[in-house]
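Number of protein chains: 2
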Amino acid sequence: MSEFVDRRNLDFVLFEMLDLDTLLTTPRYEEHDRESVTAMLDVVEGIAGTNFLPFAAKLDANEPKFVDGKVEIIPEVGEALSALGEAGLFAAGFDEAVGGLQLPWVVTTNINGIFTAANLSVANYAFLTVGAANMLSAFGTDEQKEAYLPNMLAGKWFGTMCLSEPQAGSSLADIKTKAVRKEDGTFSLSGSKMWISGGDHELSDNIIHMVLARIEGAPVGTRGISLFIVPRYRLNEAGERGEWNNIALAGLNHKMGQRGTTNCLLNFGESGETVGYLLGEENKGLACMFHMMNEARVGVGQASVMSALAGYLHAVGYARERPQGRPAGVKDQSTPQVPIIEHTDVRRMLMAQKAAVEGGLSLTSYCSLLVDKQKTAESAEDRAEYDELLGLLTPVAKSWPSEHCLEANKWAIQILGGYGYTRDYPVERHYRDNRLNHIHEGTFGIQGRDLLGRKLRAGVSALAPLRKQIASTIETARAHGLNAECDQMEKALASAEKAIEAVRGCDEENLSLANATLFLDAFGTVVVAWLWLWQASVAKQASPEAGSSEETFYKGKIAAAQYFFRYELSKVFNTFELVASLDDTCELASADFFGVS
Amino acid sequence: MSEFVDRRNLDFVLFEMLDLDTLLTTPRYEEHDRESVTAMLDVVEGIAGTNFLPFAAKLDANEPKFVDGKVEIIPEVGEALSALGEAGLFAAGFDEAVGGLQLPWVVTTNINGIFTAANLSVANYAFLTVGAANMLSAFGTDEQKEAYLPNMLAGKWFGTMCLSEPQAGSSLADIKTKAVRKEDGTFSLSGSKMWISGGDHELSDNIIHMVLARIEGAPVGTRGISLFIVPRYRLNEAGERGEWNNIALAGLNHKMGQRGTTNCLLNFGESGETVGYLLGEENKGLACMFHMMNEARVGVGQASVMSALAGYLHAVGYARERPQGRPAGVKDQSTPQVPIIEHTDVRRMLMAQKAAVEGGLSLTSYCSLLVDKQKTAESAEDRAEYDELLGLLTPVAKSWPSEHCLEANKWAIQILGGYGYTRDYPVERHYRDNRLNHIHEGTFGIQGRDLLGRKLRAGVSALAPLRKQIASTIETARAHGLNAECDQMEKALASAEKAIEAVRGCDEENLSLANATLFLDAFGTVVVAWLWLWQASVAKQASPEAGSSEETFYKGKIAAAQYFFRYELSKVFNTFELVASLDDTCELASADFFGVS
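From first to last, the protein sequence lines stand for chains A and B.
Residues in the first sequence are numbered consecutively from 1, following the numbering used here.
Residues in the second sequence are numbered consecutively from 1, following the numbering used here.
Excised from the complex, chain A in its bound form:
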């Protein structure tokens, strides 16, 4: 059994659920069809299995080191990324006009996901490069695009995002990195950037940093932030790597997981000039960054799903082979032990993982599809609707997997027992890797405020586009007899709306958002329940041969949907009631209540 990819389920999500075939008939994607996408996924699976998976444990045990001012990484990392670049996969989602394959985003998200499941720490370098290239592509001048994009899309130059600083992680308003305008229109940058993934290494010929900084004299706070292209090496006359741009590696962070991705403290302009080039408009840096944020945040959710998938698949394989104990009814201890998958509690833990992983994958895939639908929308109205829906679902796609797929990793360890707790098996590594996803690209708390404070506090009307999609799913589901689930779905939505109205009716912003994080979690469960209802409907619609493995696959989908409604969706009512009650326990808690006074 494959350890990192479930192609049958991926096909189900892409083709049976999200109807990728139809998207591939739109002019933008008409160069592709099911066959070519499938062939591409085969290639990706091959590279991931050959060049990424085999050294994932070795890389975790041998994290990058800071030696003589440079980063030392085991050579397999560079080789893997070269293979990825040679296959043209850095460019998978980019327009043909800039040399890309112009694949739908829902496909590239899943291509990236396959690499992530095989070896997250390595996939990160590509993910960051694609993100940086995306920003360049959206906001760069023709000259800027020409200068950087081709090498980035070829995987020769990598990219990073430089947002956080030691004193400003979640609070971007407080970044201090300074940009001084020079006579030639370029800028001289100085300051420190923290938590920069892929910030320094010798894996690529150059590193193109996307840096947030303040131009001298800019307004305070978020309105005074600009975005800069800051290459590790400046380009020479020929447009090739030139002299060093004085970005000093001040240190590497030593993380609990994702250890193969260098994570750096970088100092700009410390020992000489660091030149930066304004990307987009002055003081509009955050807007540029946030323009790409939806995709980056969905990408974090996808990484979380993939870490959980890898853990889940390993746990399933182990549970099928490991004999231990006997069924509850069997008292004769001389009978042979059975594989632990025979124990209901083990199947419960597998079901919890399946529900989180396949639910999560449908969520991140659906959100990625919305990006494609924006691009192929036939009217401005449709486009606005997709945009609104994506905005609403982005904090969910970012956060729900980072909570529930981390939990899935926890249960994968549990299935392996003592073995799962050792570094001889991959499940504990996936658990450590996944713990980051609640933190980066906006913490859980920040996503909660984004959803409830920024997007839903305006009123339940913000739910309209989602409501519409859910209504359509419910209609189909009822036709397939999934009435109990449909009823519960309606009730859950009504409960969420009640909570939103209560929040809206409260004048004290702090109090009204005191439980925004919990709201986000429960709301995410409602969204994933909808996606499970959709999956169950698709499964009901299928007509597989009796007794075939296909029949088992669809039955498994229906069972997982049932599990999700009975075991997960049932929890949200309590949370929504808590949010609606505007409980002030934490709001009123004194700082002196905690710890040792």
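Because the hints were derived from the structure by calculation, they are not lab data.
It is possible that part of the hints are untrue.
[Stated by the list, open to error] Taking CB as the label site, the calculated pair distances span: (1) A:A384 to B:K331: 23 to 31 Å; (2) A:T50 to B:V67: 33 to 41 Å; (3) A:G505 to B:V460: 39 to 47 Å; (4) B:S82 to A:H254: 25 to 33 Å; (5) A:D11 to B:G459: 47 to 55 Å; (6) A:G272 to B:P166: 56 to 64 Å.
[Unchecked claim] With a cut-off of at most 27 Å between alpha-carbon atoms, the simulated DSSO-like pairs for lysine-lysine come out as follows: (7) B:K331 to A:K178; (8) A:K284 to B:K331; (9) B:K375 to B:K284; (10) B:K176 to A:K331; (11) A:K571 to B:K498; (12) B:K468 to B:K498; (13) B:K284 to A:K331; (14) A:K58 to B:K70; (15) B:K571 to A:K491; (16) A:K70 to B:K58; (17) A:K455 to A:K491; (18) B:K65 to A:K58; (19) A:K498 to B:K491; (20) B:K571 to A:K498; (21) B:K156 to B:K65; (22) B:K375 to B:K145; (23) A:K65 to B:K58; (24) A:K540 to A:K555; (25) B:K331 to A:K455; (26) B:K284 to B:K178; (27) A:K58 to B:K58; (28) B:K331 to A:K176; (29) A:K491 to B:K498; (30) A:K571 to B:K491; (31) A:K455 to A:K468; (32) A:K65 to B:K65; (33) A:K331 to B:K455; (34) B:K178 to A:K331; (35) A:K571 to B:K571; (36) B:K491 to A:K491; (37) B:K491 to B:K555; (38) A:K375 to A:K145.
Built from N, CA and C at the ideal position, the CB exists for glycine as well.
Using the hints provided, position chain B relative to the given structure of chain A.
For chain B alone, kept in the frame of chain A given last:
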């Protein structure tokens, strides 16, 4: 602020809540009083702070190595354990008759807890030695006790528990280690033991293993298991360490956490004879083991609480000092940033940790007190009642912290953000350490079956001793005006009972116990809610000076109780309904539903 101990809260639990003063008037403990116990805790805090805490991170980064057939550990470990031994603390809980201090178990649990919070990996060696010595003390012949106990209680010889084998972890019925009776009445042992914490090292002059094995010809299964004393080095004529007993270290396990505790695969009788001495009766080995299991399991719960406490205290300190962002109402970004404890969502995460940690500590301390109450009971009837109550609460004390205090560690990381994810801060280490507690000493699933299948399936009458305690707490709490909490408590208990009755009414054992693990989790929350109600009542009763830090302390207790009822206890109804519904989703799930077919 102390990083690993909250003495104010410990005093609250021991003296204000559990009324240790009264216990100390019983003949068994009358040598001690509040003053001497406090002085002892001061000594422990001093040793833990000086000899345990400082190298916890270093030990995690430098786990024991297997070098030339021996285990190499950084020297600080041996020095710390010597300090513990020199202070007489291995013997803290033992009877004066065998050279112990005869301290109440509730005190020794918390002494051990202080060392655990400071450096879990090191405290484990002492914990295991005390456990082994306890079994010797309970079941050994006078000769056996004389031979081993003095050196163990002096901390010169360490002890282990050897239960699991590579093919039999949770299923002890299937262990294969063989014991052949020799003419002199001793036994020759052969076989492999897996996951042996403290199984081999050079920290102590000898290691006394407590080994489960089958005597040749013994019945199959659990009824054919005997317990043996198997020293690493046999004793010579003078009773001192003699020749090696042929226990070969076959390998060390490399864990995700608790990395400073050696964890070994041991081979007995491979290259020569391994001599063992029967402890207790033939074929009654499991009964002996289980006699001590309550205490060991409560100890695991305590370790989990302590890992969470250490994480929580660190997070509180960080939250008080780290400036980031501004209150929700403040839009002017030129104002200074505030410490993050000012943010409601941060206080919510701290409250979640406080509720789990202080709730968990009251649980493990209460269970430890029950051991003391058994020993000091004035009638056989009372003793039986304490015994029943402890049996009922043991799976809860073992499991509830391992779930909810692990969650607390997760939120401690979250409060530190990116910093929390690095190994420069201790919070990620506590999280990794804590993940084991769901697995060893009986997994979460096994505890669930113990509680619901073995203890409660007999009927709600098994709840009677607990009901009685809760009723008494409710009476007091109502007198203090905690009526809403009391009503909710009654409702939660009724809901639990309904679930128990449904399980009892179901003839299919497998189906009836399909959700036993979830039941255990929810039942644990009910128990901890009761303990929080108790704590809130005590706090209401106190009459601190207005405006004093004592007043803040009690207010914090009442707020945490309120949090627990509103945010945690509110979740159990849904779970109990699920259990009562005898849901068969997981029971009926085919093994082929999972993973890649």
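Hint check results:
no., hint, verdict
1, A:A384 to B:K331: 23 to 31 Å, "holds, 28 Å"
2, A:T50 to B:V67: 33 to 41 Å, "holds, 35 Å"
3, A:G505 to B:V460: 39 to 47 Å, "holds, 43 Å"
4, B:S82 to A:H254: 25 to 33 Å, "holds, 31 Å"
5, A:D11 to B:G459: 47 to 55 Å, "holds, 50 Å"
6, A:G272 to B:P166: 56 to 64 Å, "holds, 59 Å"
7, B:K331 to A:K178, "holds, 23 Å"
8, A:K284 to B:K331, "holds, 18 Å"
9, B:K375 to B:K284, "holds, 23 Å"
10, B:K176 to A:K331, "holds, 18 Å"
11, A:K571 to B:K498, "holds, 19 Å"
12, B:K468 to B:K498, "holds, 18 Å"
13, B:K284 to A:K331, "holds, 18 Å"
14, A:K58 to B:K70, "holds, 25 Å"
15, B:K571 to A:K491, "holds, 18 Å"
16, A:K70 to B:K58, "holds, 25 Å"
17, A:K455 to A:K491, "holds, 22 Å"
18, B:K65 to A:K58, "holds, 18 Å"
19, A:K498 to B:K491, "holds, 25 Å"
20, B:K571 to A:K498, "holds, 19 Å"
21, B:K156 to B:K65, "holds, 22 Å"
22, B:K375 to B:K145, "holds, 20 Å"
23, A:K65 to B:K58, "holds, 18 Å"
24, A:K540 to A:K555, "holds, 8 Å"
25, B:K331 to A:K455, "holds, 18 Å"
26, B:K284 to B:K178, "holds, 15 Å"
27, A:K58 to B:K58, "holds, 22 Å"
28, B:K331 to A:K176, "holds, 18 Å"
29, A:K491 to B:K498, "holds, 25 Å"
30, A:K571 to B:K491, "holds, 18 Å"
31, A:K455 to A:K468, "holds, 17 Å"
32, A:K65 to B:K65, "holds, 22 Å"
33, A:K331 to B:K455, "holds, 18 Å"
34, B:K178 to A:K331, "holds, 23 Å"
35, A:K571 to B:K571, "holds, 7 Å"
36, B:K491 to A:K491, "holds, 23 Å"
37, B:K491 to B:K555, "holds, 25 Å"
38, A:K375 to A:K145, "holds, 20 Å"
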